[in-house]
Amino acid sequence: MAAAWEAAGLGFLGVFGLMMLGMPIAFAMLLVGLAGIWLMFGERTAMGMIGQMPVNSTMSYELSVVPMFVLMGILVSRAGMSQDLYRLCHSFLGHRRGGLAMATVVACGGFSAVCGSSIATAATMGKVAMPEMRRYGYADSLAAASVAAGGTLGILIPPSVILVLYGIATGTDIGSLFIAGIVPGILAVLLYMAAVSVVAHISPASAPAAPRSGWGERLRHAGSVGPIVLLFILIIGGLYLGVFTPTEAAGVGAGGALLFALWRRSLSPRAFGSSLMETVRTTASLFIVLIGALVFSNFMNLAGLPGALSSLIGELGLSPIMVIFAILAIYLILGCFMESLSMILLTIPIFFPVIIAQGFHPVWFGIFAVMVTELSLITPPVGLNLFVIKGVIKDISIGTIYRGILPFVVADIVRIVLLIAFPALALYLPELAAR
Amino acid sequence: MVMIDRLSWALFFALACVAGALAAIMMVTTFSDVVMRYFFNRPIAGAFEVTEISMGLIVFFALPLMIRERENIVVTILYDRFPAPVRRAATTVTDLICAGLCGFIAWRMWLYGERLLRSNEITLELRVPKGAVAQSMSVLLLVGGVAFLICALRAFAGSDEGPVRPIGNQEKI
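Heads up: the protein sequence lines correspond to chains Z and U, in order. Position in the first sequence (first residue = 1) + 44 = my numbering. Position in the second sequence (first residue = 1) + 572 = my numbering.
Watch out, some of these pointers could steer you wrong.
[What the hints assert, rightly or not] To spell it out: a stretch of chain U is covered by chain Z in this simulated footprint if at least three of its residues, at any positions, have a beta carbon under 8 Å from a beta carbon of chain Z; those stretches are:
#, region
1, 573-581
2, 621-631
3, 636-644
4, 647-653
5, 689-701
6, 705-713
[Stated by the list, open to error] Label-pair distances were calculated between CB atoms; the ranges are:
#, chain 1, residue 1, chain 2, residue 2, range
7, Z, LEU476, U, ALA617, 30 to 38 Å
8, U, ILE694, Z, ALA79, 51 to 59 Å
9, Z, ILE377, U, PHE612, 50 to 58 Å
10, Z, ARG479, U, LEU698, 32 to 40 Å
11, U, LEU698, Z, LEU476, 35 to 43 Å
12, Z, ARG314, U, PRO701, 34 to 42 Å
13, Z, GLY86, U, ARG653, 50 to 58 Å
14, U, ARG690, Z, GLY86, 20 to 28 Å
15, Z, GLY215, U, ALA617, 56 to 64 Å
16, U, LEU698, Z, ALA315, 27 to 35 Å
[What the hints assert, rightly or not] Sample of chain U residues lacking proximity to chain Z, with all beta carbon distances greater than 12 Å (derived):
#, residue
17, ARG614
18, ALA617
19, VAL658
20, THR663
21, LEU725
22, PHE728
23, ALA729
24, GLY730
Because the hints were derived from the structure by calculation, they are not lab data. We treat Cβ as the ideally placed atom computed from N, Cα and C, and that holds for glycine.
Construct all of the structure, not just a fragment, from the sequences and the given hints.
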């Protein structure tokens, strides 16, 4: 038992040390995992594992979901969909007080439905929504915060890169994870809208109403976004009904997005080529982290860390709910200096067996972990999305963003508490689909 | 040095183009497999394997360019606060370690591939020898190691700032 703690302590210390020196996270995990296995379990174990792992883990049918959904997101963004989506939400919500900020949140939710990343969602929608909100005299703090918070929907609303990698790392069904993300995703949109409306109520000057749009305009915008909405319904509907495997859904999504971009005449062969290049480079950087995390978690498992953690929980007499709150606290601390993907991949192999032993559902825990990561993305002082917004909107101070984000942080906390109190929020749809 | 840098970049770019082509093939195969199966009741033979093998190869074909362009996911919260000479030294050292690690893992993957070839392991439908796939990955990983070496040289010479973007290439995911 003591050996497990010692190995885990040194292992994490090693990874964090190398990371702080600027070493790519993937290689830090690879190096420490490999060295640890070598030292504790001998050359044979280490050598056998390191030759096979990169080959067998990447040659995977399930993983192909990632590049195809990444490609789909890139193609749809290039087709100018974020602009249209925002205008559509604007035309429906803009005339309310705080309506443009609400439109931002809803548009982010819509964009998340074709994009699997929070940072991409925040960056893309920030470029579109911020200038518009400024034009109508919205306070910078509210405008920036609504984009940062809306962006976090990217990894919850399917498709989600993080949920795919969580599924691969834990052997949880990816289709179920995607379906489980829908209700919490919609709940998030509603709670963020509530947060906007509270702010607009307290200080009306920060969120003036824009002129009401006519139905003609609304329908015109709906027409240009329509095909993408249909594509999303096709993908998720197919997954829900069990017609598609996640990989097939991703293939249909990417193929459909390609047809959409061609139909909009927004894609030259050259642009298609560079979309592919962007896709494969992103994929390589993600998967190398996955390989590193697999090697590192192999080390932690061989060293017996999950077992040691479980018996510690037993000794301390922690109830399952206390375990969940302890994990929440650990994620919030980690979120201060790690981005979401590495954070989840680094910790899941250790927490997962413990959590399952406590009687939680694997799909539920996946959604929980993603939601907690989302919260860490917008929590000052170092929420990553806040810095993304700062990067997109140059003339805004990080302090202004901090001031605006509080209501959204509260909304996230409310949502996490709701998910803990009512696990059915995540589990009802997948169970219904399984029937 | 400039010459080596340019030539190697061209090589890495060409390899990444292969990855891009494989990604296109994967998408088209999956898409048409679904269409053929649900509308014409005729799935494409071997579509599963095309996807599986392309997936593995895409990662390793794109790896050298990704490394050379410094798109690895890094944490720069502390690193950003180092004075420039320390940053340069840290980058040089970590790049060299990564290069060594790539070379070492590539060697073990090559041996694993040899074992697969000896036991004559092939995929079920398309009869692709798995060992050959593993060995291609191994060679590409070795090229990735070379990319790290070049990064280290550039950092050492001061022509490369190291990982400057705070979030790697996260904005694209």
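* Going through the earlier hints one by one, which of them does the structure break, listed in rising order? -> 1, 5, 8, 13, 15, 19 and 20
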